[in-house]
Amino acid sequence: MYIVATPIGNLDDISRRAQQTLRDVAVIAAEDTRHSGRLLQACGIVTPMVSLHEHNEQSRADTLVRRLRDGDSVALISDAGTPLVSDPGYRLVYAAAAAGIRISPIPGPSSVIAALSVAGLPSDRFVFEGFLPAKPGARRKRLEQLTNESRSLVLLESSHRIAAALRDMCAVFGPRRQAVVARELTKLHETVLRGELEVLVTQVEGDADQQRGEFTLVIAGAPESENDGTVGAMDLRTLLAALLEELPPTKAASVAAKLVKRPRREVYALAVELGGAYDR
Numbered sequence: 001m002y003i004v005a006t007p008i009g010n011l012d013d014i015s016r017r018a019q020q021t022l023r024d025v026a027v028i029a030a031e032d033t034r035h036s037g038r039l040l041q042a043c044g045i046v047t048p049m050v051s052l053h054e055h056n057e058q059s060r061a062d063t064l065v066r067r068l069r070d071g072d073s074v075a076l077i078s079d080a081g082t083p084l085v086s087d088p089g090y091r092l093v094y095a096a097a098a099a100g101i102r103i104s105p106i107p108g109p110s111s112v113i114a115a116l117s118v119a120g121l122p123s124d125r126f127v128f129e130g131f132l133p134a135k136p137g138a139r140r141k142r143l144e145q146l147t148n149e150s151r152s153l154v155l156l157e158s159s160h161r162i163a164a165a166l167r168d169m170c171a172v173f174g175p176r177r178q179a180v181v182a183r184e185l186t187k188l189h190e191t192v193l194r195g196e197l198e199v200l201v202t203q204v205e206g207d208a209d210q211q212r213g214e215f216t217l218v219i220a221g222a223p224e225s226e227n228d229g230t231v232g233a234m235d236l237r238t239l240l241a242a243l244l245e246e247l248p249p250t251k252a253a254s255v256a257a258k259l260v261k262r263p264r265r266e267v268y269a270l271a272v273e274l275g276g277a278y279d280r
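Count the sequence shown with the UniProt record's numbering and you get residues 1 to 280, in order.
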């Protein structure tokens, strides 16, 4: 079985080895056969396809493993990029490996690696978080869990949530955190925006074109000084919630801002959000 990377935008990025593999196998398992059909047609590949997506992966994996055991070769592709990276396929790979099938990668495009390569942020160590939760509360909670992560963060986001996601990152990580918004990588309208989160929020919200397409985000990790095990690394919401039980919002925000070394205005806004609507 072959795990074949396909272009994330520019069709010329497909390798000769990937094309030959897709021609030679008995069947191609594709996330969306209609979408992948356009790629195969452009490359002159007529290999039969079957669908393999999140809703049918388990049953389809059983069928494909039987074919592999019978001697057929199978290629797995996703809609774009390297399969299994925020895409279905791991159940098939697991089942094939358990059955003793040899599994070979045909490497190639990946939006994660492409974004890291142009970000200009530390890339020797990074964390891939995939897509953030769609609901605002869950998204904010997940970001708070990553506040003190010192490695660069790589995330994916959709066009209709990009502005809200950046606002949440600005509120949780702080407006000065460096980040990169990579949009439509390898495509005609590719753009890469770099800067502090508050600047990126303004740029994206102020330009409708910057809210279209597919996005890969790279966020600088927390400075080591903020992740040294002291009170400065404390979860801001947890700290504020405790302080608000004893202090009015202005005082609670002032104390918390000093402890976690964040702007007082930003911390006060969070204090109000947590329910400290007035000084008592």
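Check each hint, because a few of them may be wrong.
Keeping only pairs whose Cα atoms sit at most 25 Å apart, straight-line, the calculated DSS-like set for lysine-lysine is [what the hints assert, rightly or not]:
| id | residue 1 | residue 2 |
| --- | --- | --- |
| 1 | 261 | 251 |
| 2 | 141 | 261 |
| 3 | 187 | 258 |
FYI, nobody ran anything at the bench for these hints, they're computed from the structure.
We went through each hint and held it up to the structure:
Our distance criterion of 25 Å between C-alpha atoms is met by residue 261 and residue 251, whose separation comes to about 15 Å. Simply put, residue 141 and residue 261 have alpha-carbon atoms about 20 Å apart, close enough for the 25 Å limit, and the pair holds. A threshold of 25 Å between alpha carbons decides the hint, and for residue 187 with residue 258 the separation of about 45 Å lies outside it, so the pair is violated.
Consistency note: the structure conflicts with earlier hint 3 alone.
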